[in-house]
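Respectively, the protein sequence lines represent chains P and H.
The letter at position 36 of the first sequence is residue 36 when you use my numbering, and the numbering goes up by one with no holes.
The letter at position 7 of the second sequence is residue 7 when you use my numbering, and the numbering goes up by one with no holes.
None of these hints come from the bench; they were simulated from the model.
Heads up, the beta-carbon is just placed ideally off N, CA and C, and yes, glycines get one too.
Hints may be right or wrong, so weigh each one.
[What the hints assert, rightly or not] If you only want the chain H side, here are some residues facing chain P, beta carbon under 7 Å, derived:
| id | residue |
| --- | --- |
| 1 | 14 |
| 2 | 20 |
| 3 | 30 |
[Said to hold, decoys possible] Estimated spans, in silico, between C-beta atoms of each pair:
| id | chain 1 | residue 1 | chain 2 | residue 2 | range |
| --- | --- | --- | --- | --- | --- |
| 4 | H | 60 | P | 82 | 56 to 64 Å |
| 5 | H | 34 | P | 51 | 31 to 39 Å |
| 6 | H | 25 | P | 25 | 45 to 53 Å |
| 7 | H | 15 | P | 252 | 35 to 43 Å |
| 8 | H | 26 | P | 252 | 26 to 34 Å |
| 9 | P | 335 | H | 25 | 19 to 27 Å |
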Amino acid sequence: MKYIDEYRKKDLILGVSEEIKKISKKEISLMEVCGGHTMAIHRFGLHFLLPPNIHLLSGPGCPVCVSGQHFIDTAIAYSRLPGSIITTYGDLIRVPGSASSLEKEKAGGQDIRIVYSVLESLEIAVKNPGKNVIFLGIGFETTAPLTAAAIEEALKRNIRNFSVLSSHKVMPPVMKALVRDGVKINGFIAPGHVTAITGTGIYKDLTESFGLGVVVSGFEPVDMMQSILMLVAQFEAGKPRVEVQYQRVVREEGNPVAQKLLNKVFELKDDRWRGLGLIPLSGLKIRPGLSSFDAEKMFPLEVPVASEPKGCICGLILRGLKTPLECRLFQKKCTPSDPVGACMVSAEGTCATYYKYRS
Amino acid sequence: MCLAIPAKVIRVDGASALVMIEDTEYNASLLLLDDIKAGDYVMLHAGFAIQKVDEEEAIETMRLLIEVEKHNPE
């Protein structure tokens, strides 16, 4: 097994599709939380294989989309500090801030470097002892442990010119906030790689307090279809619970090594989400004992909070309340080559996905 | 952003491993995962192995799927 092609077989997908059609009687709305799931659904046209009573909504699981303009504005301000080198995942480079983007700043001569792994930032720091290397930490529980590992390494190797601007966020509070906010769904297609780190315990509340089904899903088309089948079966039986479709990667206890490192380096903070506002204890900040690795502590800057771009409904789309097709800017003023909002910039943003696969 | 791809471990070298996806070699940090050996499949995310792929579970999931397919012939 190579764990990719097996999960793209047409006959398997169609078999599951037929089974779903057979057992699904009631109207049901499911939210795929993760941007990677949104991409898989549209890339493989899975929504065409579902009966009309099953509705899929895209959720807030695109870190670039939810991080908001203030984070980009702060990153740009840091890139303009004398002697700084910004390292970032490629996803962030084109996101428009209120007046510029990292891409434009780089073209203008600021030292901004795209890295594949956060660990490359450490090598850059070692090679440039007179400079301050600031890594833009973005992503959910899947990605935050990588940043934690880099900070731990920097500590061990005594690399002192490396710090992190953290926009890392965690999933459970936003999933609950959406439900409290009145988003009408019956279950979540839960993020497979987040859960590979956290384990399945984080969803207990969603079934116990909110009566929602949760199925942790892989990212291949067969995975997605099987997860939908499992959620429909739960719903038709009136028995919502936490189940794992992505058994080959997700263990009940998650990844203890990653969890330990995450807790050692980060603590929870109240955090802002585009379209959702301030959500208590939904973000990760570097613990006070490690503040020499916290860019915000090392280089305090006052960056004004910018307003969101006019006419952009990214915030409503992130809550599953609107689709890109309902946005006046979509495909007109807002395209992947000239994006207005973050949902169009990130390849896994709902608007970019719709543009690519539905236009 | 949470994208992770199954990669085959070719060689373990301390806290990192040489892994392969299709015909391309990558370096994977093993800082987040213990007990990895050559021949294992790991999920590679931004240069880190974040979880091991469990072959038995994969086979079991596939068995269930084939059952569903058999009950729903085209």
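Beta-carbon spacing of residue 60 of chain H to residue 82 of chain P - inside the hinted bounds 56 to 64 Å or not: holds (58 Å)
Please check whether residue 34 of chain H and residue 51 of chain P have a Cβ separation lying inside 31 to 39 Å. violated (45 Å)
Holds or violated: the 26 to 34 Å window for the beta-carbon distance between residue 26 of chain H and residue 252 of chain P? holds (29 Å)
That 19 to 27 Å hint for residue 335 of chain P and residue 25 of chain H (C-beta), does it hold up? Given about 36 Å between the Cβ atoms, the range is violated.
May I ask you to test the hint 45 to 53 Å on the CB atoms belonging to residue 25 of chain H and residue 25 of chain P? holds (50 Å)
Grab the minimum C-beta distance from residue 20 of chain H to chain P and call the hint holds if it beats 7 Å, violated otherwise. Result: violated, 10 Å to nearest chain P Cβ.
Is the interface hint for residue 14 of chain H satisfied, with its Cβ closer than 7 Å to some Cβ of chain P? violated (13 Å)
Given hint residue 30 of chain H near chain P, where the shortest CB pair must fall under 7 Å: violated (10 Å)
Looking only at beta-carbon atoms, does the pair residue 15 of chain H, residue 252 of chain P fall within the given range of 35 to 43 Å? At 26 Å between Cβs, range violated.
Consistency note: the structure conflicts with the earlier hints numbered 1, 2, 3, 5, 7 and 9.
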